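Make one complex out of these two single chains by using the hints.
The primary structure of each chain is shown beneath.
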Amino acid sequence: RKEVEQDPGPFNVPEGATVAFNCTYSNSASQSFFWYRQDCRKEPKLLMSVYSSGNEDGRFTAQLNRASQYISLLIRDSKLSDSATYLCVVNLNQAGTALIFGKGTTLSVSS
Amino acid sequence: GAGVSQSPRYKVAKRGQDVALRCDPISGHVSLFWYQQALGQGPEFLTYFQNEAQLDKSGLPSDRFFAERPEGSVSTLKIQRTQQEDSAVYLCASSSITTDSLHFGNGTRLTVT
Numbered sequence: 009r010k011e012v013e014q015d016p017g018p019f020n021v022p023e024g025a026t027v028a029f030n031c032t033y034s035n036s037a038s039q040s041f042f043w044y045r046q047d048c049r050k051e052p053k054l055l056m057s058v059y060s061s062g063n064e065d066g067r068f069t070a071q072l073n074r075a076s077q078y079i080s081l082l083i084r085d086s087k088l089s090d091s092a093t094y095l096c097v098v099n100l101n102q103a104g105t106a107l108i109f110g111k112g113t114t115l116s117v118s119s
Numbered sequence: 083g084a085g086v087s088q089s090p091r092y093k094v095a096k097r098g099q100d101v102a103l104r105c106d107p108i109s110g111h112v113s114l115f116w117y118q119q120a121l122g123q124g125p126e127f128l129t130y131f132q133n134e135a136q137l138d139k140s141g142l143p144s145d146r147f148f149a150e151r152p153e154g155s156v157s158t159l160k161i162q163r164t165q166q167e168d169s170a171v172y173l174c175a176s177s178s179i180t181t182d183s184l185h186f187g188n189g190t191r192l193t194v195t
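Protein chains in written order, with the numbering used here: chain P, 9 to 119; chain C, 83 to 195.
Honestly, the hints are just simulated from the structure, not real lab data.
Predicted model, so just to flag it, every value in this text is computed and none were measured.
Some hints could be false.
[Stated by the list, open to error] Sample of chain P residues facing chain C (criterion: CB under 7 Å; computed from the structure):
| # | residue |
| --- | --- |
| 1 | Cys-48 |
| 2 | Pro-52 |
| 3 | Gly-112 |
Note that the Cβ used here is the ideal one computed from N, Cα and C, for glycine as well.
Next up, chain C with everything else stripped away, as it sits in the complex (with noise of 0.2 Å):
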């Protein structure tokens, strides 16, 4: 595709679901970001993946949130037993290579009630 694909766009989940969040990132890119932007704040990193591989995981808030991209190009993040906390925008980004500009989707919008 032209960008890079999320779905869904807006998600609300009870307190206690489990959601999955599904990006697409451009085709051929290596590099893989996941970041959590809550309101008035500035994205934070979550995980890292190169290629099939996740090289980093350090920001993933808690071991309810699990990210995979199995075969090197679209990535799942999957929170379970959702907070409230958990609200905020799920922004997935890649690249080429690692020092490549980030290409961010427009992420998907989670709000947990």
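Bound-form chain P, shown alone (with noise of 0.2 Å):
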């Protein structure tokens, strides 16, 4: 089983729609965790981190279950730039040189 599991998608959805990622983390012991956003033949850039109690920033909201060892990406109002795949990343020790990525979930939003 791998480490950090996501439905590749593609999601495809029109402009404004809601759209939600989930991905789940088979080890319980995982630290802290994040979501990536990485756009076509780019490097991979920091779109949040996620905290035990939820945040949001601006139209992305950002959850996590620890639980049931799952973690959520919510974008309301989808505009075309949202277009990317974004990477579930958690991190395994406190001392953060443990991070595990998954393979991405692929948005395209269309007009």
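Structural data, given as structure tokens:
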């Protein structure tokens, strides 16, 4: 079983739609969690950290469920510019040196 | 520099050749990571440096892979006797402290023919 699993998609949605991605992780001792965004043929960039209490950044909401070992990302009012691959990332140690990336979920927003 | 810089941007090697990939992290960043990203996959951890010390090399797939960061800034990832399965994008990332977010370079796309 992969350490971090995501539905690869693609998710094809119209502008303005709300879309949600889920991610599951296998190591219950995982320390911290992130969503990264990767545009085609570009490097990954941090989108947001994921906190136990859930957190929001504009149109983006991240949730963590430690009991079920899953992380979610909700995007409201999708924009064309949201089209990218979203990588779920789990850190296995407190030092932050053991980041495990999922394969990513591809989102395509169309007009 | 403003960001993490990697060179070359693209590298084509014949099977069996040795290659060297360079990473210039953000100035002052203590932590440096190398990742390998195959097509359609997420980045996979290769190795981690804290300053000049290589603290974790558990992700290096074979002894053909070697990384160094002798002065705690620029790092080089060397792959000896390249094989076709080595074809991937090699990403370097740095951070000021280990729990800070990673800043990735734009990668070196290695194609082994």
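Evaluation of the provided hints:
1. Cys-48: With a closest approach of 12 Å, the Cys-48(P) hint is violated.
2. Pro-52: holds (5 Å)
3. Gly-112: holds (5 Å)
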